[in-house]
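Order-wise, the sequence lines are chains Y and P.
The first sequence begins at 1 in this note's numbering and counts up one residue at a time.
The second sequence begins at 1 in this note's numbering and counts up one residue at a time.
There may be inaccurate statements among the hints.
[Claimed, not checked] The following label-pair restraints were derived from C-beta to C-beta distances:
id : chain 1 : residue 1 : chain 2 : residue 2 : range
1  : Y       : 241       : P       : 26        : 29 to 35 angstroms
2  : P       : 32        : Y       : 234       : 30 to 36 angstroms
3  : Y       : 281       : P       : 30        : 42 to 48 angstroms
4  : Y       : 133       : P       : 31        : 36 to 42 angstroms
5  : Y       : 234       : P       : 3         : 40 to 46 angstroms
6  : P       : 30        : Y       : 133       : 37 to 43 angstroms
7  : Y       : 151       : P       : 16        : 52 to 58 angstroms
8  : P       : 24        : Y       : 152       : 54 to 60 angstroms
9  : Y       : 152       : P       : 10        : 40 to 46 angstroms
[Claimed, not checked] Over 10 angstroms on every C-beta distance to chain Y, these chain P residues come out as not near it, computed from the model:
id : residue
10 : 4
11 : 5
12 : 6
13 : 7
14 : 12
15 : 14
16 : 17
17 : 19
18 : 20
19 : 22
20 : 23
21 : 27
22 : 29
23 : 32
24 : 49
25 : 52
In short, the hints are calculated from the structure, not lab data.
Beta carbons are placed, not taken as given, at the ideal position from N, Cα and C, and that holds for glycine.
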Amino acid sequence: MLGAGLILFLAALQGVTELFPVSSLGHAVVVPRLIGLNFNESSPAFVPVLALLHLGTAAALLFLYRRDWVRIIRGFFTAAVRGRIEGPDQRLAMLLVVGTVPAGVIGFLLQDPLKSLFGDPRAASAFLIVNGGILFAAEIFRRRDERRRAVGGAPVLAHEEDDPAYQGIDGLSLRTAVIVGIFQAGALIPGISRSGITMAAGLVAGLRHEEAARFAFLLATPIILAAGLLEVPDLGSDAPTLGVGIAAAALSGVVAYASARFLLRYLRLGRLDPFAYYCAALGAAGLVFIH
Amino acid sequence: MRGSRPLALLLLALAVVFAVLTIFYFTVKTNFLASGRPAMHWKHAVVFLVLTLLAVIAANFARPKPVKA
Numbered sequence: 001m002l003g004a005g006l007i008l009f010l011a012a013l014q015g016v017t018e019l020f021p022v023s024s025l026g027h028a029v030v031v032p033r034l035i036g037l038n039f040n041e042s043s044p045a046f047v048p049v050l051a052l053l054h055l056g057t058a059a060a061l062l063f064l065y066r067r068d069w070v071r072i073i074r075g076f077f078t079a080a081v082r083g084r085i086e087g088p089d090q091r092l093a094m095l096l097v098v099g100t101v102p103a104g105v106i107g108f109l110l111q112d113p114l115k116s117l118f119g120d121p122r123a124a125s126a127f128l129i130v131n132g133g134i135l136f137a138a139e140i141f142r143r144r145d146e147r148r149r150a151v152g153g154a155p156v157l158a159h160e161e162d163d164p165a166y167q168g169i170d171g172l173s174l175r176t177a178v179i180v181g182i183f184q185a186g187a188l189i190p191g192i193s194r195s196g197i198t199m200a201a202g203l204v205a206g207l208r209h210e211e212a213a214r215f216a217f218l219l220a221t222p223i224i225l226a227a228g229l230l231e232v233p234d235l236g237s238d239a240p241t242l243g244v245g246i247a248a249a250a251l252s253g254v255v256a257y258a259s260a261r262f263l264l265r266y267l268r269l270g271r272l273d274p275f276a277y278y279c280a281a282l283g284a285a286g287l288v289f290i291h
Numbered sequence: 001m002r003g004s005r006p007l008a009l010l011l012l013a014l015a016v017v018f019a020v021l022t023i024f025y026f027t028v029k030t031n032f033l034a035s036g037r038p039a040m041h042w043k044h045a046v047v048f049l050v051l052t053l054l055a056v057i058a059a060n061f062a063r064p065k066p067v068k069a
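Build out the structure end to end from the sequences listed, making use of the hints.
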């Protein structure tokens, strides 16, 4: 069983790292070991406790995009009944469905084999470096595209949202959404960030940074919620007390909400490079200091 | 997108397979497509139920529809 203090620490850590492109699972495995908190990551309660924290994160995302979700759910049902896409809400709903199904199915099939990797901080450290590489590669790809357009005579604009070359979610094709969804399954590996890998895929697909983050958050919500709802019953006798469980989920949710708001604001002008450097540094520290 | 009757029928057949698997996992102790000892795998049942519904919706998208005047 995990102690209340440790669970609350993991809740705050999860809240910060779930939506930042830095892998919450990688942090939950690596950071406690790096700072000398000794606990058994292979404990049967570890993954279900993380799933409990996921419920808090999912609630934060649902609240953040509550108006979008009302439109998405309405759009999903009308499109499903009519069998055709007739409006932007229906299109967004179907983009999320075709993006979620591959990640959900792959995740469900590979979850158990990959659980065995969850308890290995050195593997997570190595994959954090890989995650940094993915973020960095996406930004290199975007910069190269910007340079190529500038050479071709396109005006250099200070605000990405003014640039017609880069689109919002509405411009994504269903095929691209499926590919982004398949990328999302990479987050089953500890150290690979769900939001990071989907943001990177979104950037490569031509989304603006802020829209790539929005799409990543919308796409992550059903998976995070389902993971939480399916895993929490496995807590069993290792479950924290009800009070600690609620406090941890709430703490995770509040911190995740603040983190998401910050990230969306940052990405109006900023890029993913700082997160790439951070992941590489944390991963390297894990490989050097964890034995 | 123009509809395709064969594709719609294929998706419906897939929905039937998923529905059978849903009932199977809700009612039979098994380790088919699951790890560990034979047990009730209700999570598998939920996943296949969702896949059943999605296959039906996909079939509805794929079926030919009358052209609007």
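Status of the hints after comparison with the structure:
Between residue 241(Y) and residue 26(P) the beta carbon distance is about 32 angstroms. The supplied range of 29 to 35 angstroms therefore holds. About 20 angstroms separates the C-beta atoms of residue 32(P) and residue 234(Y), a value inconsistent with the hinted range of 30 to 36 angstroms. A hinted range of 42 to 48 angstroms holds for the C-beta pair residue 281(Y) and residue 30(P), which are about 46 angstroms apart. About 38 angstroms separates the C-beta atoms of residue 133(Y) and residue 31(P), a value consistent with the hinted range of 36 to 42 angstroms.
Between residue 234(Y) and residue 3(P) the beta carbons are some 43 angstroms apart, a value that agrees with the proposed interval 40 to 46 angstroms. Between residue 30(P) and residue 133(Y) the CB atoms are about 41 angstroms apart, so this pair conforms to the stated range of 37 to 43 angstroms. Distance hint for residue 151(Y) and residue 16(P): a CB-CB separation of about 55 angstroms, consistent with the stated range 52 to 58 angstroms. A hinted range of 54 to 60 angstroms holds for the C-beta pair residue 24(P) and residue 152(Y), which are about 58 angstroms apart.
Taken as a hint, the range 40 to 46 angstroms holds for the pair residue 152(Y) and residue 10(P), whose Cβ atoms sit roughly 44 angstroms apart. For residue 4(P), the non-interface assignment is confirmed: its Cβ lies about 12 angstroms from the closest Cβ of chain Y, beyond the 10 angstroms cut-off. With a least beta-carbon separation of about 13 angstroms from chain Y, residue 5(P) lies farther than 10 angstroms from that chain, consistent with its non-interface assignment. Chain Y leaves residue 6(P) outside its interface by the beta-carbon criterion, the shortest separation being 16 angstroms against a cut-off of 10 angstroms.
The beta carbon of residue 7(P) sits about 12 angstroms from the closest Cβ of chain Y, which is more than 10 angstroms, so the claim that it is off the interface holds. The Cβ of residue 12(P) lies farther than 10 angstroms from every Cβ of chain Y, with a closest approach of about 13 angstroms, so its non-interface assignment holds. Distance to chain Y confirms residue 14(P) as a non-interface residue, since its nearest Cβ pair spans about 13 angstroms, more than 10 angstroms. Even its closest Cβ contact with chain Y, about 14 angstroms, leaves residue 17(P) beyond 10 angstroms, as expected for a residue assigned away from the interface.
With a least CB separation of 16 angstroms from chain Y, residue 19(P) remains clear of the 10 angstroms interface cut-off, as annotated. For residue 20(P), the shortest C-beta to C-beta distance to chain Y comes to about 17 angstroms, beyond the 10 angstroms cut-off, and the non-interface label holds. With 10 angstroms as the threshold on Cβ separation, the claim that residue 22(P) sits away from chain Y holds: the shortest Cβ distance comes to roughly 14 angstroms. Even its closest Cβ contact with chain Y, about 18 angstroms, leaves residue 23(P) beyond 10 angstroms, as expected for a residue assigned away from the interface.
Listed as outside the interface, residue 27(P) is consistent with that label: its C-beta sits roughly 19 angstroms from the nearest C-beta of chain Y, beyond the 10 angstroms cut-off. No Cβ of chain Y comes within 10 angstroms of the Cβ of residue 29(P); the nearest lies about 17 angstroms off, and the non-interface call holds. At the 10 angstroms boundary, the C-beta of residue 32(P) stays outside the reach of chain Y, the nearest C-beta of that chain being 13 angstroms off. The beta carbon of residue 49(P) sits about 12 angstroms from the closest Cβ of chain Y, which is more than 10 angstroms, so the claim that it is off the interface holds.
Residue-level check passed: residue 52(P) sits 13 angstroms from the nearest beta carbon of chain Y, beyond 10 angstroms.
Hint 2 alone, counting from the list given before, is not met by this structure.
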